[in-house]
Amino acid sequence: MTSNSVSVRDLSLSFGAVTVLDTLNLDVKDGEFLVLLGSSGCGKSTLLNCIAGLLDVTGGQIFIKEKNVTWEEPKDRGIGMVFQSYALYPQMTVEGNLSFGLKVAKLPQAEIDKRVARASEILQIQPLLKRKPSELSGGQRQRVAIGRALVRDVDVFLFDEPLSNLDAKLRSELRVEIKRLHQSLKNTMIYVTHDQIEALTLADRIAVMKGGVIQQLADPMTIYNTPENLFVAGFIGSPSMNFFRGEIADRGGRKVVSVNGVDLSIDSYKARGPIEAGRKIVLGVRPEHVKVDEAPAGTDIHDAVVDIEEPMGADNLLWLKLAGQIMSVRIAGARRYAPGTPVRLSFDMSLASIFDATTENRL
Amino acid sequence: MADTTALNARLAPGPQGKKPRPILAPRNIMLYGALIFAAVYYLLPLYVMVVTSLKGMPEIRLGNIFSPPVEITFEPWVKAWSTACTGLNCDGLSRGFWNSVRITIPSTIVSIAIASINGYALANWRFKGADLFFTILIVGAFIPYQVMIYPIVIVLRELGLYGSLTGLIIVHTIFGMPILTLLFRNYFASLPEELFKAARIDGAGFWMIYFKIMLPMALPIFVVAMILQITGIWNDFLFGVVFTRPEYYPMTVQLNNIVNSVQGVKEYNVNMAATILTGAVPLIVYFISGRLFVRGIAAGAVKG
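Line by line, the protein sequences give chains H and R.
Take the first sequence: its letter number 74 is residue 74 in the working numbering, and every next letter is one higher.
Take the second sequence: its letter number 48 is residue 411 in the working numbering, and every next letter is one higher.
Next up, chain H with everything else stripped away, as it sits in the complex (with noise of 0.2 Å):
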């Protein structure tokens, strides 16, 4: 049996008339590392203050090790928070920074040294503890600032986009060490961030969220390959997934997305229900389950023209136009086209998704 290490019941806030969370319900497991990924305004580092206990909520409850700690002091919560701006005291030293929480909370010195030893240790700041945080670069402040979290001896870590303001290599360097540091401390991570990369590659499972609400919660593979809706579906993937507009028809007991005329079977397709004909919908196909001039036998064939190549190193993505609609295709990187080239698309609808135009759910 697994026990809830964070569970957050019908939490709700409003800052005056607006609201930014309704009735909002989520469990994080003991030990798993949880990412809530949506774009900006859309109520994440809302819902990860309010599990800090930095805002008090309006309505519901926050459990965290079973404990009910909705109007706890954030201190007492037993979390460690680590900020998109590191947030160091810029008066103290890497070392003051570190034992600070620990002072406050009167521990003997030879704890705060042992804990700071340690968690100087695990980071890698040994050489900096003398040093003043404006003495360092982004990568060590964050360090530092993961380094304040981990002292504080806590069961939950909550990461609020704590790698948005470094820069590409550091973010992708530090984004490893992050996930190495949960493989050995198994800690349960609360992580915010609007990064889909940091997202799939970190997360055991991802809270894909918007207005406030949990669009869909799954694992990483879940979310990429079965998208709840037509939000997590063009949220989730670079470059987006391919949209079609179009309606279900039924051609002599073979059921086809017909789109601008073009016609796309869909009898690969594993809908969660029966779809009948003449239903309006969005077909959507990411770029990499298209496959250009090598359909295998009995799928369908349909024409078109290259018009833009973006070379990419190891993959190659072609812009073209279908049913007179932009899509991409991902292609492997050695194969080269040039704009003005005819090719041959098929679709692997068993890796499609389709969604109802009105409702934008799965189908």
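If you are wondering where the hints come from, they were derived from the structure by calculation, not from laboratory data.
All of these numbers come straight from a predicted model, not from anything done at the bench.
The C-beta atom is built at its ideal place from N, Cα and C for all residues, glycine as well.
Errors might be hidden in some of the hints.
Computed, partial: chain H to chain R, Cβ under 10 Å [unchecked claim]:
#1 Ala52
#2 Leu54
#3 Lys75
#4 Arg77
#5 Val82
#6 Ser85
#7 Leu88
#8 Pro274
In silico contact screen, one side only, chain R against chain H (beta carbon under 7 Å); selected entries [unchecked claim]:
#9 Leu558
#10 Ala561
#11 Arg563
#12 Ile564
#13 Asp565
#14 Ala567
#15 Ile576
#16 Pro579
#17 Glu610
Starting from the structure of chain H, add chain R where the hints point.
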């Protein structure tokens, strides 16, 4: 060949081409001319004051106020400080100076201490009714002083503080509150909010965050507040004359009484010396902390 010489000329070290702006360009003449004119315009009265204060009365009567003193004498300064008469007292400005010191120092310290805590509470601890409290405080800054003078006289009388230094210190502290609170609130609001959040997660409370986190970062704004208060309170005349008795008059009031006395000969040299002495304190404060002042004013704007 022509090509290579042209190329060599281009590769020669140092900046090349016509110097963008010669020193005596019309633009520079206009610019520096205007600046020099403005500087002279503002410095001339000070020059006249210093020169006159160093002359004896016979020399002043010759009437040329711009000429430097023929015979330098410091007697007017000594007289202004220690023997000039106001009413029945003939102990000069020194009494007023010490009164002003006794008024300015406690008023400055108390008002800054309270206002910084106010500003910190308003910026970081969004307590219930904070907006209303802040609005009332700011509205208070816009009410003309004259409206409040009589009510304050009554309040001080009822408290038994009318005419005392303590009463005046309380008045100065209260009147400094709106602008200082606004100053501190804006400064603390400009500091990254996450710093405050981090401190709360570390378990620090209201006072701990104030003293250990906020105070060390607020040094520039404290200097600004200090300058505003010292100069404002030192230069105050109205409150000083209304709320105190003659033996507690601040320096500004005493200066007025010396300069405006109607009996006897007008001693211009003594008057000038007295005026410079009275203005010296704010001037010295500016000179010492001017650089910090500018940095503090700008700090709120550029802090990342």
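What hint numbers does the structure not satisfy?
Going through the list in order, the structure violates hints 8 and 17 and respects the others.
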